[in-house]
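Q: Per our numbering, the very first residue in the sequence shown carries number 18; after that it's consecutive.
Just so you know, not all the hints are guaranteed correct.
[Stated by the list, open to error] In silico EDC-like links for lysine to aspartate or glutamate, alpha-carbon gap of 20 angstroms or less:
#1 27 with 172
#2 284 with 251
#3 265 with 189
#4 280 with 311
#5 141 with 37
#6 208 with 197
#7 27 with 147
#8 259 with 172
#9 259 with 245
#10 266 with 245
#11 38 with 147
#12 259 with 155
#13 229 with 49
#14 227 with 271
#15 281 with 251
#16 280 with 252
#17 227 with 58
#18 229 with 154
#19 227 with 282
#20 281 with 205
#21 141 with 65
#22 289 with 245
#23 259 with 271
#24 62 with 102
Because the hints were derived from the structure by calculation, they are not lab data.
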Amino acid sequence: MPHTVIIHAKSVRTHLDKLEKWGLSGTAFEIDGVETDKSIECYLKIIDFLTENNFKRSDLLVAFGGGALLDLVGFVAATYMRGVDVIFVPTTLLAMVDASIGGKNGLNRPWAKNIIGTTYLPKKTVIDIEFLSTLPEDQLYSGYVEMVKIAALSDDGFLQKLHYPPTLEMIDQARQLKEEIVKEDLLDHGKRALLNFGHTVGHALEVLNKFKMHHGEAVQHGIQVEMELLNAPDDFIQTVGKKLPYNKKIPSVETDAFLSALKKDKKNLGEKIGISNPFYRQGGGYIRYFSVNDVLDAYLRVLVS
18 MPHTVIIHAK SVRTHLDKLE KWGLSGTAFE IDGVETDKSI ECYLKIIDFL TENNFKRSDL
78 LVAFGGGALL DLVGFVAATY MRGVDVIFVP TTLLAMVDAS IGGKNGLNRP WAKNIIGTTY
138 LPKKTVIDIE FLSTLPEDQL YSGYVEMVKI AALSDDGFLQ KLHYPPTLEM IDQARQLKEE
198 IVKEDLLDHG KRALLNFGHT VGHALEVLNK FKMHHGEAVQ HGIQVEMELL NAPDDFIQTV
258 GKKLPYNKKI PSVETDAFLS ALKKDKKNLG EKIGISNPFY RQGGGYIRYF SVNDVLDAYL
318 RVLVS
């Protein structure tokens, strides 16, 4: 019989028994399941645990937790013995609408987010929105920002009808929209770059805050800056702005550290900073390129607005 190892977040320890209704049970390994766990050190702890427990390529990993945990365990699954099956059971809104879709996984370094990673699809993803009933609101906001982002990329009216708290139908639609883009461009050579709208600046803010800022909050600030940088239409700015949930002003940054983080983004081309372009239908491609000073100037304009 295949051996199952469940890598779970500390926050869902009391929910492990719920996995049994999907036929998932086995040896449990607990981590904090936060962004700082996406490290080489935590990765190696899991690899060592699997090795010590004689985990084989024919065995099964289960990732049970939020987006950071899914990113980490997805990378473990992709690299342990060159690939083992993994099932995702996302327990946060962010994980349900974003991290569990499309196979991207990764580890951080102190100076860059997701600088190490692969694209490796899970065998299956199990969605149960009952987990959302116990989430703190700031974590719900974090996932909702990703829903606003994906809605902003669509042209089917989803952005206009989206509201907080989102309905199950809205969660399903957000997942479907991302799945459609991923299906078209799994390996991120074209249209999938749109899914990084708000993330160039957002990831830089996460680095500056040592990965202690909620991903959704960082992306919200990133969307605000990138709309300014892209000279987005006023009606788009107003519509998106009304949907963004965090009532927090964009933070001040130390200029050199901010620019250093921006320069490490994977979308960059030479010295130019790559910004995902939701207005690609009007031209400019899926990514537009700006100087670091252009990005800094846009950030400062949003900061003082």
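Q: Decide, hint by hint, whether the structure agrees.
A: Going down the list of hints, with the structure as the test:
This hinted pair does not check out: residue 27 and residue 172 have alpha carbons roughly 39 angstroms apart, beyond 20 angstroms. The hinted pair formed by residue 284 and residue 251 fails the criterion: a straight-line CA distance of about 26 angstroms is larger than 20 angstroms. Restraint check for residue 265 and residue 189: the C-alpha separation of about 28 angstroms exceeds 20 angstroms, so the hint is violated. Straight-line distance between C-alpha atoms of residue 280 and residue 311 comes to about 13 angstroms, which keeps the hinted pair within the 20 angstroms bound.
Annotation: proposed proximity of residue 141 to residue 37 holds, straight-line Cα distance about 15 angstroms (limit 20 angstroms). Proximity of residue 208 to residue 197 is assessed by CA-CA distance (about 10 angstroms); at most 20 angstroms being required, the pair is judged to hold. Straight-line distance between C-alpha atoms of residue 27 and residue 147 comes to about 18 angstroms, which keeps the hinted pair within the 20 angstroms bound. A distance of roughly 18 angstroms separates the Cα atoms of residue 259 and residue 172; the hinted pair therefore holds under the 20 angstroms criterion.
At roughly 15 angstroms between alpha-carbon atoms, residue 259 and residue 245 fall within 20 angstroms of each other, so this suggested pair holds. At roughly 15 angstroms between alpha-carbon atoms, residue 266 and residue 245 fall within 20 angstroms of each other, so this suggested pair holds. For the proposed pair residue 38 and residue 147, the alpha carbon gap of about 14 angstroms is at most 20 angstroms, so the pair holds. With a C-alpha separation of about 17 angstroms, the suggested pairing of residue 259 with residue 155 holds against the 20 angstroms cut-off.
At most 20 angstroms may separate the alpha-carbon atoms for a hinted pair to count; residue 229 and residue 49 meet this at roughly 13 angstroms. A distance of roughly 13 angstroms separates the Cα atoms of residue 227 and residue 271; the hinted pair therefore holds under the 20 angstroms criterion. Distance restraint check for residue 281 and residue 251: the Cα-Cα separation of roughly 30 angstroms exceeds the 20 angstroms cut-off, and the hinted pair is therefore not satisfied. For the proposed pair residue 280 and residue 252, the alpha carbon gap of about 30 angstroms is over 20 angstroms, so the pair is violated.
Distance hint between residue 227 and residue 58 is fulfilled; the C-alpha atoms sit about 16 angstroms from each other, no more than 20 angstroms. Among the hinted pairs, residue 229 with residue 154 is consistent with the structure: their alpha-carbon atoms are about 16 angstroms apart, no more than 20 angstroms. For a cut-off of 20 angstroms, the pair hint linking residue 227 to residue 282 stands: about 16 angstroms separates their Cα positions. At most 20 angstroms may separate the alpha-carbon atoms for a hinted pair to count; residue 281 and residue 205 meet this at roughly 17 angstroms.
With a C-alpha separation of about 25 angstroms, the suggested pair residue 141 and residue 65 falls outside the 20 angstroms cut-off, and the hint is violated. The suggested pairing of residue 289 with residue 245 holds, with an alpha-carbon distance near 17 angstroms, which does not exceed 20 angstroms. The hinted pair formed by residue 259 and residue 271 fails the criterion: a straight-line CA distance of about 28 angstroms is larger than 20 angstroms. Of the pairs offered as hints, the one joining residue 62 and residue 102 holds, with about 19 angstroms between alpha carbons and a cut-off of 20 angstroms not exceeded.
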